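S.K.: Start from the sequences, fold in the hints, and give me the full structure.
One line per chain: the protein sequences are A and B, in this order.
9 is the number of the first residue of the first sequence in the working numbering; add one for each residue after it.
764 is the number of the first residue of the second sequence in the working numbering; add one for each residue after it.
Quick caveat, the hints were computed from the structure, so don't treat them as lab data.
Remember, it's a predicted structure, so these values are computed and weren't measured experimentally.
Hints may be right or wrong, so weigh each one.
[Said to hold, decoys possible] Examples of chain A residues toward chain B, derived with CB under 8 Å:
(1) A62
(2) L64
(3) A67
(4) R84
(5) L90
(6) L96
(7) W98
(8) R112
(9) F135
(10) G141
(11) E142
(12) G145
(13) G146
Ideal Cβ positions, reconstructed from N, Cα and C, are used throughout, including at glycine.
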Amino acid sequence: MSAVAIRDLAVTYTGVGRAVHAIAGLDLEVGDGEPIAVIGPSGCGKSTLLLALAGLVRADSGELIVAGEPVVGPRRRTALILQDFGLLPWKTVSHNAALGLEVRGVPVSERRRIVAEALERLGLGEFAEAYPGELSGGMRQRLALARALALDADLLLMDEPLSALDALTREDLQNLLLEIWRQRRHTSVLVTHSIEEAVFLGRRVVVLSPRPGRVAAIVENPGMGEDGYRETPEFLERCVELRRILAAEGAFAQPSLARSAS
Amino acid sequence: MNAWLRRIGGYFFASIVLLAGWQLLSMAVGSQALPGPVPALSDFFRLFFSDLLPHAGISAWRVVASMVIGAAIAAPLGLAIGRSPKVDAIAAPMIFLTYPVPKVVFLPVLLVLLGIGNLPKIALITLIVFFQILVTARDAARGIPASAVLSVRSLGATRWQVFRHVVVPASLPDIFTALRISTGTAIAVLFFSETVAGSEGLGYYIIDAWSRIAYSEMFAGIIAMALLGVVLYEFLELAEGRVCRWTRAER
Ligand SMILES: Nc1ncnc2c1ncn2[C@@H]1O[C@H](COP(=O)(O)OP(=O)(O)OP(=O)(O)O)[C@@H](O)[C@H]1O
Ligand SMILES: [Mg+2]
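M.R.: Take a look at the structure:
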């Protein structure tokens, strides 16, 4: 059974002036426990797709099904991690991690136990009483992950979760994401701008077309998750293939530069 | 503790400088209407318990009551307006029209309607504080990053939970700043309203001393009024540090 089924999805924003068709005619299935990566030109509707899956943006038409149920609003076991992590600076690390549980009315004692466990797992145990402002970028990202783990999420939606981090921390966290997925086998949808990250963390890599977004191509990536995959020739091949597809989709076009050059 | 000592030391040093400046100024002006700090301070201590404290107590209660009432109504209202585009579309033009109107001009009307006791003063200061907090809270609520709201909503938070966990704490520092700034206006308006009507409060005391040509007593009253402002300001700063602890974690 597929964990996520999207059929002919369309999302339109009624902006200040005119309507923007962010997504139109998008079809996608994600298997149970499958990690996929989504990549595409800027503004093609990747974030919108995640928000729709999280039940925060209404679809205009089409079907959006998660775990067999149509999406009508936020779902209990769907976790969303945004680019700036969505942490609340006024709450301590442990309070941030517990927020999902608190909102859902989980009793305090149980909350404490679950959060302590999640923080420990992500190496944040000794920072439980710190504020997010006192953490490094990588630690904030791990806190966002801890919040998702505390919810026992079976669907993890991530919107460019690592793009704000430096190269070393990013690689470190890519390994952590992979490790966590290998342990938990949750379904995961990762939106990224990085070709290497997509190939490292996506069993399949979904390429979206320019706005309005729909699926332009899917790159199968069966080697994902193997030990040392990053160093294999296969990894490089997938990256090259993906880059070629993206170039064909016009993801690297820079209209303003092209115009000024002519 | 150390920070406290430094703070008190700072006030002490600033007082010395101000008093010295005052002394020089009064010597330069050489008028009865501007006595030096020595007679003013000696009157301040002489009259502290008998006259100043009762008047200061009444003034303090008026200004504190006004600020509490004003903030208690304006903060939630401003946040609600700022978070709802529909309400904002109706409320914003009303705020823009009324905010720049100097509210003190309504004092005569309030005096006619509410008599000359506490009520018209409290009403006037409340009105002023209300608008400052309303505008600040609205702007603060509008400036909350969408990602903070989205991520909390994705956890399944209701509208009310978003308010409680995101909107209110995110706006608190701005609201406190507005409150601290409005203490200055509040005390100025308090003085004005107390000089116009009634026979209680530091404003009345100052203007009464002035009419009796008791200038050093007048300055004792001015010192008391300044202290009232300082105490209010410091109290708000302290409360902010308590309530908004996280702001110290950010550079
Ligand atoms: N709240 C909104 N109101 C109106 N238009 C929006 C809104 N959010 C996004 N859009 C528009 O919808 C389109 C898709 O936006 P989206 O954020 O999903 O793109 P994206 O693929 O995530 O882009 P990026 O890679 O730059 O993050 C864009 O053209 C954007 O201008
Ligand atoms: Mg995006």
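S.K.: State for each hint whether it applies.
M.R.: These are the hints, each one checked on the structure:
1. A62: Since chain B brings a Cβ to about 5 Å from A62/A, closer than 8 Å, the hint holds.
2. L64: holds, 6 Å
3. A67: Where the cut-off is 8 Å and the nearest Cβ of chain B is about 16 Å from A67/A, the hint is violated.
4. R84: holds, 7 Å
5. L90: holds, 5 Å
6. L96: With a minimum Cβ separation of about 6 Å from chain B (threshold 8 Å), the hint on L96/A holds.
7. W98: holds, 4 Å
8. R112: holds, 6 Å
9. F135: This interface hint is violated because 11 Å lies over the 8 Å limit.
10. G141: holds, 4 Å
11. E142: holds, 5 Å
12. G145: violated, 14 Å
13. G146: violated, 17 Å
Of the hints listed earlier, those the structure fails to meet are numbers 3, 9, 12 and 13, in rising order.
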